[in-house]
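Make the full structure from the sequences, and use the hints.
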Amino acid sequence: MNFKRDISTRTYSGFALSALLVLTILNVMLQNIPAHIERAGDQLLALNAQEGVANAVTSVVVYFRGFDTLGEIAVLFIAALGIGLMLSEHTKDPHHEESSFILQKASKLLFPIIMLFGVYVMIYGHLSPGGGFQGGVIIASGVLLLLISDQNFEVPHAVISALETFAGISYVLIGLIGLLVMDKFLGNFLPHDVSEMGMLLSGGIIPLVYIVVGVKVGSEMSLIVQNLLKRSEDV
Amino acid sequence: MFETFISYLNQDATIQAMVDIGSMALFFIGLFGLLTHRHILRIFISVSIMEFAIFLFFIGNTFDKTFTAPILGDGHVAFVAMNDPIPHALVLTAIVIGMAVFALGVSFAIEYYKLTGRTDINDMNEMSES
Amino acid sequence: MSSIYFVALPLLFGFATPLLGKLGKNGIAYVSTLMQVALFILALSLLLSTSWSVEVISIAPPLGISFVLNKASLFFVTLFTFMMMLFSFYYLDLRKSDPYAHEGKFFILLNMLLASSIGLVLSSDIFNIYVFFEIAGLSAYILSAYKKTPKALEAGLKYLVTGMMASVFLLLAITFIYIHLGSLNLAVLSESFNTLPYNIKVLISVFLLIGFGFKVEIFPLNFWVTDVYEGSSSPVNALFSSIVVKAYLFVFFHILYLFMPDSEFGTFLIYLGALSMLVAEIVALKQTNLKRVFAYSSLGQVGFIFAVMASENPSAVTAAFFIILAHSVAKMMIFLSITSIEREHQSVEIETLKELNSPFIKVMMILAMLSLLGIPLFAGFIGKFLALKDFAVNSAYVVVVVIVIASLIESIYYFKIAGNLFYKGEKSKGEKSKGKKREKLTLTLMQKAVFTVLALVLLLVGIAPWLFSGFISEASQVMLDSTTYATTLMGGLK
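Protein chains in written order, with the working numbering: chain Y, 1 to 235; chain W, 1 to 130; chain S, 1 to 494.
Simulated from the structure, these hints should not be mistaken for lab results.
Keep in mind that the hints are not guaranteed to be accurate.
Claimed, not checked - With a cut-off of at most 25 angstroms between alpha-carbon atoms, the simulated SDA-like pairs for lysine to any residue come out as follows: (1) Y:LYS230 / W:LYS65; (2) S:LYS147 / S:ARG343; (3) S:LYS151 / S:GLU344; (4) W:LYS65 / Y:ALA49; (5) S:LYS96 / S:LEU373; (6) S:LYS148 / Y:THR91; (7) S:LYS148 / Y:VAL225.
Here it is as structure tokens:
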């Protein structure tokens with residue numbers, strides 16, 4: 001067998017460049033292993049004991065850095081819009097084989113369970129690891145299961161679109177209400193007693209925002225998944 | 001002998017070094033792939049690998065193994081001796097953003113392939129050469 | 001009036017567009033244009049109240065994110081809303097003859113572009129800057145590939161891949177910053193950045209330079225610009241030149257002034273900018289495509305702005321702000337003219353200009369080019385003059401020579417273009433026998449009004465710069481003033 005191939009100069013230069021960068025970074029990092037310094041996260045943990053919820057990561061994502069989450073929602077929204085724009089003329093694959101009986105029935109059986117799990121992860125995001133993004137992706141994976149196992153399943157576009165619009169508007173409106181009531185955009189204007197930490201209804205707007213985020217992410221990911229599964233006639 | 005090896009591995013400095021070297025090796029794979037591959041989808045995958053290497057590097061370097069996860073439960077009732085929640089939040093956001101850009105890029109590539117049948121970036125020269 | 005509205009309102013509009021689509025075909029267009037006007041009026045009203053304003057989001061800085069509105073960021077916010085408002089008015093008439101498909105999506109992308117550019121300028125938290133960086137990038141990629149022709153898709157793909165690389169390096173920089181300094185707030189970072197060991201500072205600076213360098217279009221990371229400009233449609237080019245690249249310039253230098261005031265890194269950046277300008281102008285000489293020529297001209301001007309802003313002294317930054325204003329207005333005029341030319345003649349070669357039969361567009365293009373060259377009485381002159389004076393005062397003679405050479409080269413190809421505009425030459429025999437004169441290129445009244453406003457701004461800044469120089473020099477002082485920035489944010493001034 002002939003193992004010797006022509007390795008182009010592009011490969012050599014790519015290898016050299018990457019190795020140079022990585023070795024520089026490693027060199028610098030290994031010389032300066034950071035001692036345990038006081039970072040902003042520790043102060044946020046202390047603040048979380050008064051203002052946040054049981055899951056500190058959720059309170060950071062939704063409340064302390066909620067504006068980044070709003071931006072991330074905007075990114076997903078624009079990406080779903082772009083994918084819909086690019087792949088809008090494709091249709092579902094006409095030559096796809098019919099799935100077997102077991103696959104069809106089993107996936108229809110599994111779908112409500114996956115949905116329920118997704119909704120659970122979304123709603124309990126402030127008490128256990130999870131949250132809007134995670135729950136939304138779980139819901140989208142349920143939709144994906146149905147899309148690839150059942151030929152005739154189509155995500156109902158109008159419903160999903162309406163859900164997505166409603167969720168997006170409500171996130172910005174929650175922020176604006178915070179601005180009007182508390183003079184801080186995305187301020188926590190619902191009651192959030194420290195004594196309630198660990199209960200389902202704690203943390204003020206945090207579970208509300210995360211549910212809104214979950215609905216939006218779930219609907220957008222379902223739309224993206226459906227668009228990417230389409231095929232054009234010639235491809 | 002074995003115990004001293006394990007205790008050597010358990011030192012903070014060794015763990016830091018392993019995290020750094022491991023994530024940078026992954027970053028190297030991604031960067032090498034980005035610079036040498038010609039198929040557009042492989043370029044996207046390489047960038048994705050680079051991004052995940054950075055997330056690994058980030059969380060690994062802000063991690064203290066004597067502390068626990070920043071969430072109440074399993075008997076914890078106070079927010080003390082917990083790891084930093086900010087890197088987790090940042091990586092959550094960055095993962096979603098990276099995935100969104102990747103999906104968009106794939107859709108561009110699909111549409112381009114449908115219109116011209118090309119996926120090799122050296123063949124993408126619709127524009128007049130400068 | 002809170003500065004959050006600049007970001008929240010376009011975002012709300014974007015999310016609510018499917019609802020607004022129910023208001024009829026023109027509903028989205030009119031609501032969007034109305035919102036741009038409202039935002040511009042808001043920006044103008046904020047110009048009168050002069051002090052710093054810190055908008056707190058969720059929790060107080062330095063633990064939380066906040067928007068800082070000072071004279072420097074207000075200058076850019078006003079510029080962006082003004083440019084977007086004029087673009088909306090121009091597009092309102094363009095859509096009657098040449099609309100973009102699925103128009104609701106086009107307006108969403110326009111507004112997201114505006115919201116993210118303003119967010120980049122106002123934000124005081126480095127990860128928030130990264131999120132806005134991505135929003136602006138995504139909107140730009142889709143706007144680039146909007147027409148779905150192979151050229152447009154290739155432009156979109158190239159833009160996307162380089163954008164991905166830029167975000168990887170920016171993410172690396174943020175990672176290093178958080179690991180070693182423990183905070184994401186620009187004020188806290190500006191105070192503690194100097195405590196870092198030398199090689200980590202260098203590494204972070206290099207990553208920030210590469211990450212922003214792709215978007216700020218500095219040599220050698222600007223290989224993607226001309227292909228993307230050529231492949232995208234011309235109105236989108238106007239937005240890229242006028243709004244997007246200026247936002248990235250502001251953010252990069254904002255971070256530079258906060259982290260590393262008066263360092264040798266700044267001197268390196270001056271030479272990098274000058275080199276970028278020279279290379280761009282030289283390559284522009286052999287272009288035959290109008291869009292590519294003006295893309296290279298943009299690269300040259302942006303390199304110039306980069307070199308001037310890297311000088312880090314108040315008079316230089318004042319000059320840079322003047323150049324930014326002049327360049328945004330002039331490039332908006334040029335690319336909107338190219339839109340009309342392209343619509344009429346279906347080609348954007350320089351040769352096409354010979355057949356142009358619209359005195360209005362010819363005058364507009366000549367005015368814009370005169371301003372870009374820096375001829376006195378036009379807006380470009382004051383910026384260039386102040387910049388060259390500042391370099392000469394600081395004995396950076398090499399840079400002065402490079403800039404003068406680059407400007408001379410620029411004038412060569414502008415005169416070539418102008419020559420084609422004035423072409424009254426011989427027609428070939430074939431055309432004479434047909435005896436048909438080219439139809440006059442029609443522009444609607446609104447489009448002519450947009451061009452006139454832009455031209456008036458150019459002339460106003462050129463003839464009477466003292467009207468603007470007070471505000472602009474205060475803005476430049478404010479931008480360089482990192483200590484006040486730090487204390488304001490830490491104190492949470494409202």
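Here is what the structure says about each hint:
1. Restraint check for LYS230 (chain Y) and LYS65 (chain W): not satisfied, since their Cα atoms lie roughly 46 angstroms apart, outside the 25 angstroms limit.
2. About 14 angstroms separates the Cα atoms of LYS147 (chain S) and ARG343 (chain S), which keeps this hinted pair within 25 angstroms; it holds.
3. A hinted pair counts as satisfied when its Cα atoms are at most 25 angstroms apart, and LYS151 (chain S) with GLU344 (chain S) qualifies at roughly 20 angstroms.
4. Distance restraint check for LYS65 (chain W) and ALA49 (chain Y): the Cα-Cα separation of roughly 22 angstroms lies within the 25 angstroms cut-off, and the hinted pair is therefore satisfied.
5. Pair hint LYS96 (chain S) plus LEU373 (chain S) does not hold up; C-alpha atoms about 34 angstroms apart against a cutoff of 25 angstroms.
6. Of the pairs offered as hints, the one joining LYS148 (chain S) and THR91 (chain Y) holds, with about 17 angstroms between alpha carbons and a cut-off of 25 angstroms not exceeded.
7. Proposed proximity of LYS148 (chain S) and VAL225 (chain Y) is supported: the alpha carbons are some 21 angstroms apart, at most 25 angstroms.
In this structure, the hints that do not hold are numbers 1, 5, in rising order.
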